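2 protein chains.
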Amino acid sequence: MARTGRRPGPSSTRATILAAAAECFAADGYDATSMRRVAAAAGVDPALVRRFFGGKEQLFSEVAATLIVPARALAAVTEGSPEAAGERLLRYFLSLLGDVMHPGPFFGLIRSAVTSDHAAELLRRLLADEVLGRLAAAYRSETAELGAALAASQLVGLAVARYKVRLDALATADPDDLVRWVAPVIQSYLTGSHIC
Amino acid sequence: MARTGRRPGPSSTRATILAAAAECFAADGYDATSMRRVAAAAGVDPALVRRFFGGKEQLFSEVAATLIVPARALAAVTEGSPEAAGERLLRYFLSLLGDVMHPGPFFGLIRSAVTSDHAAELLRRLLADEVLGRLAAAYRSETAELGAALAASQLVGLAVARYKVRLDALATADPDDLVRWVAPVIQSYLTGSHIC
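Residue numbers (the working numbering), protein chains in the order written: chain A, 1150 to 1345; chain B, 1150 to 1345.
Mixed in with the good hints, there may be bad ones.
Unchecked claim - Here are the in silico distance ranges between beta carbons for each label pair:
1) B/H1267 <-> A/D1248: 19 to 27 Å
2) B/D1278 <-> A/G1203: 42 to 50 Å
3) A/V1249 <-> B/D1278: 43 to 51 Å
4) B/E1270 <-> A/A1220: 31 to 39 Å
None of these hints come from the bench; they were simulated from the model.
Values in this document were obtained by computation on a predicted structure and should not be read as measured data.
Even for Gly, the Cβ is constructed at its ideal location relative to N, Cα and C.
With the hints as constraints, model all of the structure from the sequences given.
This is how it looks when you write it as structure tokens:
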């Protein structure tokens, strides 16, 4: 951790703890991450982590809120030509995941949701209330929520297969290859259009 | 555990341990499952579990081999009319996952692969060598391996979103709804056909 001579204020300490927590959740998953471990990674006293965030569940929620910004996901889908919505959402998602050899903290959220009920509930709430429901409203279609949920399922599966299981063909594919194959699928889910 | 008066032979004890291990991996994930816990669930001495299976990695490998039968997945895709291959693979996969409220041990494999490097490596090897490579060979196409990997990614993502994150629209969808939406996607990945 780089240190300056100036004593950091509360907001920078808070940000430091959040960044350290994001790294820990990404590297070790939700279950194996303790408040003590986050404190050590942030170079602060565990009591300070508790003072700022209460418990691990709240800490995870705050990390998730810094990583998933529903307004940006929505903008990726809805701003621009409708026929490229699938591609925009896919490219935005791939940019969140980062380098295929070193997935960043965003992958930690997905990983945590698979093992922790709290993380799964949080992701469900964030996705369902803040993203999928609004997309459904934007498309004014009865099946839009199912379609948006299916788009989310393809994105999550792509993350797991490429970044964790590392199926060779997916781990070595470049983003443009993925866009060629997967963007039409995301597009068809989002718009409910048929596939032929 | 139901007990009969007859002392079980080694092969039935082995099967009992494997079944107990599958339950433990499904309920608690790979990391939280210990040999001792499996032994307790099977009602046998931990030393017996070690004698039959060595360590946890081998035990997990054996459980995976009982749950993933590559020949059946391949048959689901290749036996029958080519234009319904996607639907057959999807229905086979959904049948493996089982009830949406109580996913069975197969979901435990997927869950474990997301958190454990050993489980991820095993799944990669099983899928890549035994399923995806053969599908690619069957379709004699350069992009068949990527397409098959993408089909796998959609199936894994569907499992996570429906059974764990439990996005409402997916958790309440019946298999026929899912087939209507997802089978064409699996089909397009398997055959490399375009989506319009």
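| request: Any hints from earlier that this structure breaks? Give me their numbers in increasing order, please. | output: 3
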